[in-house]
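There are 2 protein chains.
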Amino acid sequence: MTTPSGYTYDADLPASPVSTRDLQELLASVMWSEDDAVALRRAGDILTPKTHEILDVWYGFVGSTPHLVSVFAGKGGQPDAGYLEAVRGRFERWIVDLCTRDFDEHWLAYQQEIARRHTTKKNETDHVDSPSRHVPLRHLIALLVPVTVTVRPFLEQGGDDAATVDAMHTAWQKAVTLTVALWSQPYSPELW
Amino acid sequence: MTTPSGYTYDADLPASPVSTRDLQELLASVMWSEDDAVALRRAGDILTPKTHEILDVWYGFVGSTPHLVSVFAGKGGQPDAGYLEAVRGRFERWIVDLCTRDFDEHWLAYQQEIARRHTTKKNETDHVDSPSRHVPLRHLIALLVPVTVTVRPFLEQGGDDAATVDAMHTAWQKAVTLTVALWSQPYSPELW
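Quick note, the sequences are listed as chains F and V, same order.
Heads up, the first sequence is in my numbering, so the first residue is 1 and it goes up one at a time.
Heads up, the second sequence is in my numbering, so the first residue is 1 and it goes up one at a time.
It should be emphasised that the hints constitute simulated quantities derived from the structure, not laboratory data.
Possibly wrong hints are sitting among the right ones.
When chains are identical, the list treats them as one kind, so a pair holds in a single copy or across two.
Stated by the list, open to error - Pairs of lysine to aspartate or glutamate residues, derived as DMTMM-like cross-links and limited to a Cα-Cα distance of at most 25 Å, are as follows:
1) 75 / 190
2) 122 / 25
3) 121 / 190
4) 121 / 156
5) 121 / 166
6) 75 / 25
7) 122 / 190
8) 75 / 53
9) 50 / 12
10) 122 / 97
11) 121 / 161
12) 75 / 113
13) 50 / 10
14) 75 / 126
15) 121 / 105
16) 75 / 34
17) 75 / 10
18) 50 / 22
19) 121 / 45
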C-alpha cells in the first residue's frame with residue numbers, strides 16, 4: 001500500500017489533549033470488549049484489500065449529495081478533483097488503520113490531527129483555497145450511518161459465519177463511533 | 001401513558017435554530033428513506049409497551065459506569081435519585097416520540113429543548129443543584145452504540161421476520177443518529 005498524500009501517521013505528532021483515561025472512558029461508553037478487538041482485526045483482514053471499492057461506494061454517495069460534496073469545493077465553488085482524490089487516499093488508509101492499529105497515545109495523536117483537518121486546519125494539508133472552512137459537526141455525526149451500514153456487504157464477502165459477520169459489524173460500528181467522538185473535540189473543547 | 005415530569009412536548013416552544021432544510025439535509029446524510037419511516041412506525045408498536053424494560057437496561061449500564069452516572073450527581077456528588085427518576089420518565093417517552101412523531105418544525109423545536117437541557121439549561125428542568133453542568137459531547141456521541149445495540153433484542157420480540165427486524169433496527173439507528181446530530185447544535189453553534 002503506497003503512502004497517501006498528506007498521510008502523516010508516522011510523523012512526530014503533538015500529543016492529543018485527549019488523555020488515555022478519556023479514551024478508556026469512551027471505550028466503556030461504546031461498550032468495547034476484548035471480543036470487539038478480535039472481531040475488528042478480522043474485519044481488517046477482509047476490508048484492507050477492499051478499501052478502493054468501499055470508497056467507490058462512499059464517494060458515490062457523497063458525490064450525489066450536494067451538501068456533502070460542498071465540503072470539497074475549490075476556489076470557484078465546484079468540487080476540486082485533486083482535493084477529493086487526496087482525501088480519498090487517506091480515507092482508504094483510515095479504514096486500515098482503524099482495524100489494525102492499537103488504540104494508544106500515538107493513535108490518539110493522529111485522531112486529533114484528523115480532527116484538526118476537519119476544523120481549525122481544514123484545507124491546509126491539501127493546499128486548497130476552499131470556501132468550506134470546516135466539516136459541519138452535524139454531518140460528521142450523521143455520516144456514522146452510511147459508514148456503518150454500507151460496510152456490512154463487504155464484511156459478508158469474507159466467508160465467515162453469520163455470527164462472526166454480526167460481531168465484526170458491531171465492532172466496526174463501535175470503532176467508527178469512537179473516532180467520531182474523538183474528532184468532535186475541536187468543535188467544542190469546553191463542553192467536550 | 002402518564003406525562004413525565006418536565007415533559008413539555010406539547011408546550012408553546014421557541015422555534016429551533018435548525019431549519020427544515022437543515023433537517024432534510026440531515027435526513028439525506030443518514031440515508032433516510034420511506035422504508036425507514038414505515039419500519040420506524042412498526043418499531044414503535046413493539047417498543048412502546050417495553051420502554052420501562054428498555055430503560056432498565058440503559059440505566060443498568062449508565063448506573064454501573066461511573067463517568068456516565070456522574071452526570072446525575074446531586075449537590076454532594078452522589079447520584080440524585082429524584083433527578084435520575086425524572087430523566088428516566090422523559091427518556092422512556094423519547095423512545096415513543098422518536099418512533100411515532102412526525103419530523104416537523106415542532107419536533108425540531110422539542111429536539112432543541114432537549115439539546116438545551118444537555119447544555120445551557122442542564123439541571124434547570126429538574127431543579128437539581130448538580131456539579132455536572134453539561135452532558136459531555138463525546139459521551140453523547142458514544143452512547144449511540146448502546147442505544148442502538150441494546151434495542152435489537154426488544155425488536156426481535158415483536159414476532160416479525162428477520163428482514164423486518166433488520167429494517168426496524170436500521171431505521172432506529174438512523175433516527176437516533178439524527179437526534180444526536182440535532183442535539184449537538186448548542187455544543188458548537190459556529191461549526192455545527
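| request: Could you tell me which of the numbered hints above are not met by this structure, giving the numbers in increasing order? | output: As far as the earlier hints go, 4, 5, 8, 9, 11, 16, 17, 18 and 19 are violated by this structure, in ascending order.
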